[in-house]
Amino acid sequence: MVGWVQMENANPVIFQRCRDRPLTASEEDEDLHLIRSINDPEHPLSLEELNVVEQVRVKVNDAESTVGVEFTPTIPHCSMATLIGLSIKVKLLRSLPDRFKIDVHITPGTHASEEAVNKQLADKERVAAALENSSLLEVVNQCLSSRNI
Amino acid sequence: HQAALRLLGQGGGSSSSPATRLSAHPDSRCWFVAWSPNGTLLASCGGDKAIRIWGREGDSWVCKSVLEDGHQRTVRKVAWSPCGNYLASASFDATTCIWKKNNEGFESLTVLEGHENEVKCVAWAPSGNLLATCSRDKSVWIWEVDEEDEYECVTVLNSHTQDVKHVAWHPTRELLASASYDNNICIYKEEDDDWECRATLEGHTSTVWSLCFDATGQRMASCSDDRTVKIWKEYPSESGDTSWKCVCTLSGYHGRTVYDVSWCPLTGALATACGDDAVRVFREDVTSNPEEPVFSLVAQVTKAHNQDVNCASWNPKEAGILASCSDNGELAIWRFKED
Amino acid sequence: MRSSFGVTSTMAEESPLLLSLVEEFVSGQQDSKAKEAAKGVKDGQFTMLQLVEALGGSLTSSQPHTRARGVQLLSDVLQENYADLTEREVEVLIAFYENRLKDHHVVTPPVLRGLQALTKCTALPPGSAVSMLRSVFQDVHVQSLMLTERGCVYNMLINLMETREAELKGLGADFVFGFVQSMDGERDPRNLLLAFQIANNIILGGYSLGKFTEELFEVTSCYFPIDFTPPPNDPHGITKEELILALRTVLTGTPSFAEFLLPLIIEKMDSDIQSAKLDSLQTLAACGSKYDHRDLAEFLQGLWTSLRREVFQTSSEKIESAALTALTALTSCLSRSVVNSDSEDTLITLLDLVLTDCKHHLCEPDLKLVWPSAKLLQAACSASNRASHIITAAVMPSLIEQYNSRTQCSHRRTLLEVVQRFIKSVKTNTSSDTDESVLSAYRAALCSMVFSALSESNSSLQITATTVLTSLIQHKGLLLDSDVGLAVDHLTRLLLTEEDESVSSAVVECAGALAELHPAALITKLIPKLKEEMFSDPRENSEMNSHHAMRQRCLSALAAVSLQPSVVFESTPVLLQVLSSAHTDGARFSVDEVVLACRSLQRIAEQVQDTEETGRCFHDNIIPRLLSLALQAALQNEGSSGHRSPLTEEVFLSALVPVISTSCSRLQPKLAGQTAARAVSLFLDGDVSFLPDNSFPSHIQLLTKQQEESWSRSQLVCLLMACVCSLPRSVEVPQMERLLFQLEELSCSCSHLLSYTSAAKCFAGLINKRPLGNSLDDLIQTTMKRVCSELGCTSSPVRIQAFTLMTWVAKALLLRYHPLFSLLTDKLFSLLDDPDLGPMAADSFSLLMSDSADVLNRGCHADVRIMYRQRFFSENSAKLVQGFNAAPQEKKSNYLKALSNIVNELPKQVQVSELPALLSLILEALTCPDQSVQLSTLSCLEPVLMNPPQVLIQQLEALVSRLLALLCSPAMKIRIASVRCIHALSQFPVHEVLPFRARVLRALAQALDDKKRLVRREAVHARGAWFLLGSPGGR
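Heads up: the protein sequence lines correspond to chains A, B and C, in order.
Numbering-wise, the numbering used here puts 416 at position 140 of the first sequence, and it's gapless, one number per residue.
Numbering-wise, the numbering used here puts 208 at position 206 of the second sequence, and it's gapless, one number per residue.
Numbering-wise, the numbering used here puts 678 at position 685 of the third sequence, and it's gapless, one number per residue.
Simulated from the structure, these hints should not be mistaken for lab results.
Glycine included, every Cβ here is placed at the ideal spot set by N, Cα and C.
Heads up, some of the hints might be wrong.
[As the list claims (entries may be wrong)] Computed Cβ-Cβ distance ranges for the label pairs, DEER-style:
no., chain 1, residue 1, chain 2, residue 2, range
1, C, S264, A, Q418, 20 to 30 Å
2, A, Q418, C, E492, 48 to 58 Å
3, B, N308, C, E492, 42 to 52 Å
4, B, N308, C, H984, 32 to 42 Å
5, C, V944, B, L111, 14 to 24 Å
6, B, N308, C, T232, 50 to 60 Å
7, C, H984, B, D148, 45 to 55 Å
8, B, S290, C, M965, 55 to 65 Å
9, C, M965, B, N308, 23 to 33 Å
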């Protein structure tokens, strides 16, 4: 079974942060923007700098109230994948109107335990239980606290 | 068939309009609702760690009591004892609470501990002498209740490989079914003073969230994250083992995970609660072959709630009355009418 | 008693007054008598020795408490009178006190107070300092004394060190030892500050530490790192920061401590407590200036390991930057040491460590450690010229090679950024010009790297390359003329073709840097090319947009490069030509472009070096030319019916005003006087002789009352304002009386908004600078009479005009604290109830309180007193509150609006302090239906919420309800402002706001679905913050 937290990789690959977008951005941009500023629990860098979320992989359908995010974990065996996914999910839950159905997945083919992670992220009961675990919630909240690098 | 599902009090001919949509667990989730055996009370539970008991007063539904401080975390499910005097609640805090009804309301009687982590479901056997619980720790526990209200764990069943989402008792026999994150259903029976898994039902392709028997206990409906509902039928086998086969799969109706299924003991209608915010009612075609039954969608409310519907539950005494609840903390009571 | 003093009094007579004072103090326990006695000595009613006589009995009493009381009176009187004592008296008193130190312990406190007073005497006999200290060190155990007495001892030391340094040094290391023993175990922060001061005096004063170096270090370093939280309402106001700095000065004061301090720092850097880490790093940096290489050599490895850890695995920006500063300090310390052949070069040792651990990470531009490694190397590099040489030689070739071999844009960009920071951190030897720049060897390679990046299509690469180029340019003497030429070519190309706004603004900035050092290259290449392209016609209609964008870039580039006079002489004619061709052919340039040209002229006027030359250029050419163009346009507009010059547009004139006023405000007095005279004679007498292209009719009337359709002429009064209201106050404006009369006339009679407003502003601008006196008072009274009569007549067609004039005059007077101001304020307040003018009156308070862009500001040399806003607020807020309470319901919103206009402009700290008194009104204003009141109230509330006063917290329920209600406002700005305020509430004390959490989250959930993106964005931030409230890992 996939757990929520473990640590590894001290010198991860980094990517450039996108420049701030103009105000006419599309819904996708807006939601990517939400996720961009999430911090990786392991590294003092935002998820976008770590390239774990990519713009093309956010799909928003406002009419049908759905948001799909595919994220790419830093490395194929990254044990933080579920936690990163959880943080993304929580960030979206807090930031989007209730009517949205939020699906968070790993980009196909980028992680060894892709299916297990996806299944766990999709299970709202387990997500709810995870967020009642104060040490886990603490890590997630830290990921979501705004921080300047 | 012409059928309709309406909020109680809406277009039902009654002049008064009782409140049938209640903010049961404000600013939280309502996970589950359960009718008392006599159909007069409704228990709800949710993410606010509380249980609320609802009853009718005149034309409206009101909160009769709030059971707080029993649990440290989400109360996932509640179950009434067959006599209606006890209530059991399963919580993410790894405990199961037994509440006893008294004149003022409910008092906490005992706390069942033992599961390693979240208890997901609790169910009373029809005799009232047995209680089953299941948990993320992958186990199903069966507890025996004696006259002194003492509870003793008689067995721990480890037939699932992942967390166990739901347990349900057969309506007449001492037979238990469990649904799991490992996509399977297990059926347990007592043999020589020992509980054993007698059948593993494979077929769903993702988490099985809930299951329920029909009035006779010959058939069982299960619902899953794979967006289908399956109907299983029991076939006696020579060895004495039970054998269950899937005789029908309802697919294409549900847009997201089906979280709950309820088979009305009075009318035989099948209701589902779905993550696409809808409540649906299905009916078996009377003309269809019992070995290959056909179920049709006869009524649905696509926006029954404005978030996921977590539970659907038929009233055991009043035909056509259905309760549902949702992630937005609401519970609603519906009347299902066939013309 | 006398024998104990060893003197025989010659005056046996004791004054009865003195005796009774002594009696009342000693037996009567009346402390106030000490003051009277001290005063008696001071006034010469009796002497010190008479006091001693009178004390006789109590000093020899068998009761220690009576003796103590007696000594106390003596000491109290001494405190006030030590300055007048003779050497002999001092000697006697010292002997007495020293003797008393051996007395009962209850006597010790007053004795110490007495001794402390004596240490302040100028008449201290030789040898007495040493003797006093010996007695104290020998007979008193300082740390068993109370806090104040310990302070006495420290103050004695401080006083004596100040005046008797040589004597104390005579004590040798005993002095240090005595002090160490005295302070050992001190716990009070006030006394610690004194003790640290003494320790610092010992170190700086060159006292012999002898064998007590380590003891002195131990007794002070045991407080390191300082951990102190002042108690709430601490009356002494001692801060942790103060203690940290005092201790740091001691610890880093002498290299003799190095062998003890450095291991301690290494240990404390490892601490989990952030403040301890920070203090250690800052202390290490402070060592750098006092130590030399021998002090550091032994610890380099350990120090480096810790510093590297703090940067590689940094937890906060503060720690990281402190670690980098410390590394720079260490490196520059080692750089100071002169290398001699037989000693090891410690600079090389340190830099080897840094290079070994960091250099290879520079070759991994896709991995995270590239940045901390680069920062460390750059910190070392920036320490000295030698360090720069060593580091640059080690890293630059490989960086350049990497850049040339990598193909991925993001890698190349990272490498460029790293290179850029190295270029910035390189220390060039400023002392000798002959010394080759550290970067000379890499000049060619760096240039080709930059130019190749500038030719790429990736915009972030281009931006980074321009910043590298900017840094290269700023290294004086590094680039060759041919490099500069190429750079100009690249910049010109990018300006003309690159559409990406962030690229072009980087390019414009780079061109600005180039202009400072290489104006010639810009004059010969860039400016002519930009001019050519700007005046070319777009070939096809489809190119209009990109052509316009190109012109915009060219116009702002022209402004950016115009820093030196030589460039200004070339660039301003191009801008003027844009204006004149817009005038002659309206289709040639759009109004937008004309306005941009004005903005560029304004920027040039603001930034150009202030020289006689440039002043002349503006005075002789630019201003007359601008006035001439505006006048031509106005006259042409009246004459012909069809064509209307863009130069008659209000936006153009509004852009032109700051060009003229900025340049006039910077003119030398003589030229300024001329400009004033010319402008006045142009506007009053139609004198056009100074204007170029003079084909104007001979008698033009600009200010006198004209036909209605002549607005294009009357509005030119704004240019008059630009000329005469921006001059230094010393410059006299001719024909003032006539001018003011005409302006008042125009402002009270004209119906054209820009014309009458500009006339009123011009009038006010001149009034503001008029000297105080009867003539000014008369003028104001006359004007007010006229204004009031118009305002009084509700049917007057020029009520608004009169009101406008009054508002501007009020502002002119408010700024200079003119006494007649209150006359106008009262009128303004009374107008809040006016059915027609009420809302305008409320708005006028915003005009009074805010800075005006084109007149009556400090840039225009207006008479602006500091804190005029606070003064206005404190004089008038009560009136406003009264007015509000008395006003009928339908008028109340005018008062709220006036209030929010005033409060909005107050400095934040004043808002915070004044808000409590106005809170109920502010809360009321939030429910006022007027949206502008809501908005301005919210905007002044937000900063106050950042640091909420207690009274606000008490009103939280009302505040939250009102803010949440405003979330549903139909106006987007109000929704945004209320979300921001709600966001600010999340930072209130957790227990105060936690009860509102669920309600706020629910309300914000609605805002997440707002139809406006900006509201949604704010709601996301606010809701995120509220979620963190009371949640683990949050707040």
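Hints, one by one, checked against the model:
no. : hint                           : verdict
1   : C:S264 with A:Q418: 20 to 30 Å : 21 Å, holds
2   : A:Q418 with C:E492: 48 to 58 Å : 41 Å, violated
3   : B:N308 with C:E492: 42 to 52 Å : 45 Å, holds
4   : B:N308 with C:H984: 32 to 42 Å : 33 Å, holds
5   : C:V944 with B:L111: 14 to 24 Å : 50 Å, violated
6   : B:N308 with C:T232: 50 to 60 Å : 54 Å, holds
7   : C:H984 with B:D148: 45 to 55 Å : 47 Å, holds
8   : B:S290 with C:M965: 55 to 65 Å : 58 Å, holds
9   : C:M965 with B:N308: 23 to 33 Å : 25 Å, holds
Of the numbered hints stated above, those contradicted by the structure are hints 2, 5, listed in ascending order.
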